[in-house]
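Could you use the hints to bring the two separately framed chains together as a complex?
Residue numbers (our numbering), protein chains in the order written: chain G, 31 to 212; chain H, 28 to 548.
None of these hints come from the bench; they were simulated from the model.
Please note that the accuracy of each hint is not assured.
Unchecked claim - Covered, in the sense of this in silico footprint (three residues per stretch, anywhere, with C-beta under 8 Å from a C-beta of chain G), are these stretches of chain H:
1) 187-201
2) 223-230
3) 333-343
4) 370-384
5) 387-398
As the list claims (entries may be wrong) - Here are the computed distance ranges between Cβ atoms for each label pair:
6) H:PRO212 / G:ASP205: 20 to 28 Å
7) H:ASP81 / G:PRO163: 21 to 29 Å
8) G:GLU149 / H:GLY215: 52 to 60 Å
9) G:ALA119 / H:GLY58: 54 to 62 Å
Unchecked claim - Straight-line alpha carbon distances no greater than 25 Å define the calculated DSS-like cross-link-like pairs of lysine-lysine that follow:
10) H:LYS429 / H:LYS89
11) H:LYS498 / H:LYS60
12) H:LYS545 / H:LYS57
13) H:LYS545 / H:LYS498
14) G:LYS36 / H:LYS340
15) G:LYS113 / H:LYS89
16) G:LYS113 / H:LYS431
17) H:LYS269 / H:LYS57
18) H:LYS57 / H:LYS247
No residue lacks a Cβ here, since even glycine has one placed at the ideal position from N, Cα and C.
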Amino acid sequence: MRQVEKRLQIDRRLFLRGAASAVPAAAVLAAGVGTAGAAWADDAKALKQATLVTLAHMARDIYPHDQIPDRFYVAAVTPFDAKAQADDAMRLMYEDGVARLNGDAQDRFKTAYIDVPEESDRVVLLTGIELTPFFGHVRGGLVVSLYNQPEIWHRFGYEGSSSEFGGYLHRGFNDIDWLPAV
Amino acid sequence: MAFDLNDGSVVVIIGSGSGGGTLGNELAQKGVKAVILEAGSRIEIPDFVNNEWDAFTQLAWKDMRTTSGNWRVAQDFPNLPAWIVKAVGGTSVHWAGASLRFRDDEFRAKSTYGGLQGANLLDWPITLQDLEPYYARAEDKMGVTRTNGIPGLPGNNNYKVMEAGARAVGYKDVSTGRMAINSQPRHGRGACQQIGFCFEGCKSGAKWSTLYTEIPAAEKTGNIEVRPDSMVLQVEHDASGKASGVVYADANGTHHRQKARVVAIAGNSLETPRLLLNSATAMFPDGLANSSGQVGRNYMRHTTGSVYGIFDKPVHMYRGTTMAGIIRDEQRNDPSRGFFGGYEMETISLGVPFAAAFYNPGAWGRGFTSLMDDYPNTAGIWIVGEDMPQETNRVTLDGTAKDKFGLPVASVHYDDHPNDAAMREHGFKQGSSVYEAVGATRVLRTPPYPSTHNLGTSRMSARARDGVVNKWGQTHDIPNLFVSDGSQFTSSAGCNPTLTIVTLAIRQADHIADSMSKNEI
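Chain H extracted, bound-state conformation (with noise of 0.2 Å):
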């Protein structure tokens, strides 16, 4: 149903994605009304298309953005830091699906960290037991294999290579892995079809994605209208600085100004931040929520590299899932390793055109081109672990660079920390020995993609002075401003954050509905 700009009475929730996509649709089954402001187009599943720059070129997010610091994407991907995507169901249409739950300790990385130098570590405001009851409901809401009774995927070439190396080598926890997408028939979807392209959005619809699971069913209730294009320029407060609408631009650079009684800020790790700084007033000059001085720092993206294995026989790893499986054994912290945290590996498939971009970025000649040959006997794994977060790891408000609304662009520096390097070259050569056991010919490390994996930038914590939101994502600052994402991360754990991500919106609309019952926002 459509609501009007000045229905002061709704949440508005800047986002479709794993996070405000959720929230959307847990609120509206509470009969909470909300508006969902989304900046990219509505983009169905029959719009999506198996080729991977036409795809990247429909769905990512390509507005510019600046980068530096020392981490390699500055350098391969200067105006590319992130690779999410920009249309209704955000990042959640590109995933890969994995689906795992943080560890106990993960959410006390400095307390099993300690003072570890140039880590701004905090431990998180809440433990697992407090998300144990929230995982579950995601996990069933997201239909993840091997949990609620859902077998695992069929594992595909790609994952075969990578587990038989595994085994080879005296890995023990290797499996097609907890994954959110359909291994049978489940809630209307069908089971997948192996395509691959699950980074290009799912045509089979197997892989759960908000666009079309949370967002139909919230529409479906009559308590959500989502808009798309529309892309949100400034949170707006009253005179008593609480949270009163939103500004945004329409399809046609036309400005509205939608009031709300509570607004939730969804953007992802990159315009979360943003939006929250461009929002600074006379009130609030250092922008919205950020009397820590926190908003945009301590800005995470997963320690990740990928290394993929040459064969003399063909693997053909583009066949089927992206993320066929996963080897679980590093992903512990065993400071004996040399490094804090853990990571995982999971196959990963690119196909011609993105292997050519992404395999060695700036690389050319006969070494690289011989890597081009092997395409069809080449398997993939990416490393994915914990990276520390850091207060010089920040997204800012670019100097000079504007966007098309003349707004600053998110500026993102990284540095990888010590550790950050030390469990990447670990992973290197782990990754390099899976191959090796089942006769590897030539092992290739490639560095880092842009960020899929955004995190941290308005992160959560006890206290008002060393974090952006509280345990209910809910800003220390501003009661009615709640933060839906990644964004909200103490740590990035070494794990994909997807899961987490809905985990937190379920738990979050909860307390927004019952923070709404009884009027305390």
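This is chain G alone, in the form it adopts within the complex (with noise of 0.2 Å):
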């Protein structure tokens, strides 16, 4: 069979763009906002620059995919700022949000919730949020804005658009081979 080369692609523009950032991604979620934050997050147009980092990270604990590099993650919670700015109400939904989480770490853990260090201790602070429209705005956002970033999908073993290579039918669509015979 043909297989899908799981490999993350380099795409030069994205590379570019990842430059202009300025950050290491691993730095970006590591690193924390204790100081002055990730500097990614210093383009937040109308979101605290915390509460971008912490939408981040929330992205992360609510779809982790330990083979997707945090620079999606980022990508994936941009689109929030924009509509903070665009709309105050909006805006002000991300920074309550943010901040009962934060209420919500430093009542159970005593500590920011992007400084909770396991992964499941976070995860039930977001269960704890999970039927407020906070949550239920930034998961529904987040499964179109992390999902579909074409730059991922060979990570999941998917090859996007097809019709400019003459679809599948020469390359694949009936190839599998390990099957029972029929």
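In structure tokens, the structure reads:
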């Protein structure tokens, strides 16, 4: 069977965009916001820098894929900043939602959400707000903004658009080779 | 050609999909002049995109609707009860191509299933025998595989997994089905390239759609004008109670009145009853053609659900046609299974973006993401079975929400009938068995997607008191007003509806042309 190369394809445009954001992706989420926050979040137009960083952490905790680098989670939450800029009610929902999440984290773990070390503990906090409009909105946005990034599709073994390659007629539409004989 | 707004000799067809587009071409070929008003834009094959969300944005009917009832769609997609197309070609642009005839007993739902409590069953006023010649014409027109000497399509990986599992559990009626997708060049269209993305518009044109078959053929006669971006707001009638024309809004929102000799509505089963209800007047206070009170009622959407099987080896379900094959063994009425009616199992595939959104709407965390991580090793089956008509499952005018023209939007209420729930459970179990028989390590039960098969809201009946249209799709109340889409369905039957919609449209065109020539309408 023709397999899909799962290593990330280097997209020059994306790479440059990442470089322009200046911060190594690994540092984005790992560093936390205890000090000045992640530099990529400096670009925040409407949301507090720390709010955007917390949303990016939430994104990974909601849809954790260990094979997907941080920069795709960052890209997945930037639309929230645009929405906050366009609509102050949305901005307030994000700010209040993150504030509550951090409040819950303080109550339970004596630290901010992104500094709770165990994913399972952060999931407990997220479960606590699961029924809020804030969580529903963030999750519903992420399910599109994360998975609709063509740059990550190969990582899931998905090849995307095919008509420009003549479809799959000669590219493995029927190449399965492990089934028992019918 | 272009017709004058004051030309009251034309047939006005509302909608250009499987019903309206076919009706238009059939009339045009007989020399009948018609204007097709299509709410959506004209998006041609080169405009289609192999990207699920981009195509959804481009093609889907996204105007707001509201929902209620115990169906899970109301919870997961409260403002998107139906997943249909707003574009020239209508939902024939994104249908999967499965083209199956109803069984004889499926036209006699009441006689066959008896007085099933809570179901508003009725026999169709037509039989399979009545429709057979028209089914044959539809299959030829659409180029349905395994009819007219057309070979079946080759099976893709997704099909091969389902087929192997089906054989292993003892199913016999398993094949790549009868599909309105060219397996070889025919009627000026090429053979299937196994592109996938059938739901996003077929880039090769191998799949039948009125967009690039019926509509250009109709236009070539000079008897048809298609007006895209024309949203019909009201069907009007004269003092005698006959339909006299329609009011529609163009792309700029400007209103026009097109006069008509005959009006045929094919707006899919949410918009068709909405238009009839929104057209209420002093003479018809409950909406047009609604003396029975059945307009909007008996909304059916098929008993559906999906089973995804995850394996330890790759499948790549997205390669090739979306609906690549079918198991028909459960498509029979065998009440010993615990429910009336039958269902089919057909392959389905979703790309990563839609898998994320539809596998288990609302789910998150590692239980969910591990499914996505196994995406390439996943195969999919869609269950499509007969659901029971219920009077309380209905399309009404929303009490508060209005569209941009100030008209109430469609509000869709649907509760599963116990028969529907029992059938779905059976389908989930059988689908799971199919995959487990060939080594699935995990099986996922996916709840219904927003409805692609919308049926029954202006149903056909022999008597004016219990249905909206007669055996020709002609409304009982207004002789020159027709319904030409799946709204006519008296019952839903256990298979995909498009072939039957096309068949009814061909038959209706004969009737309309004949009645016009006899000056009966």
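Status of each hint after checking the structure:
no.: 1; hint: 187-201; verdict: holds (count 6)
no.: 2; hint: 223-230; verdict: holds (count 3)
no.: 3; hint: 333-343; verdict: holds (count 4)
no.: 4; hint: 370-384; verdict: holds (count 6)
no.: 5; hint: 387-398; verdict: holds (count 6)
no.: 6; hint: H:PRO212 / G:ASP205: 20 to 28 Å; verdict: 24 Å, holds
no.: 7; hint: H:ASP81 / G:PRO163: 21 to 29 Å; verdict: 27 Å, holds
no.: 8; hint: G:GLU149 / H:GLY215: 52 to 60 Å; verdict: 57 Å, holds
no.: 9; hint: G:ALA119 / H:GLY58: 54 to 62 Å; verdict: 58 Å, holds
no.: 10; hint: H:LYS429 / H:LYS89; verdict: 14 Å, holds
no.: 11; hint: H:LYS498 / H:LYS60; verdict: 23 Å, holds
no.: 12; hint: H:LYS545 / H:LYS57; verdict: 14 Å, holds
no.: 13; hint: H:LYS545 / H:LYS498; verdict: 19 Å, holds
no.: 14; hint: G:LYS36 / H:LYS340; verdict: 15 Å, holds
no.: 15; hint: G:LYS113 / H:LYS89; verdict: 20 Å, holds
no.: 16; hint: G:LYS113 / H:LYS431; verdict: 23 Å, holds
no.: 17; hint: H:LYS269 / H:LYS57; verdict: 24 Å, holds
no.: 18; hint: H:LYS57 / H:LYS247; verdict: 13 Å, holds
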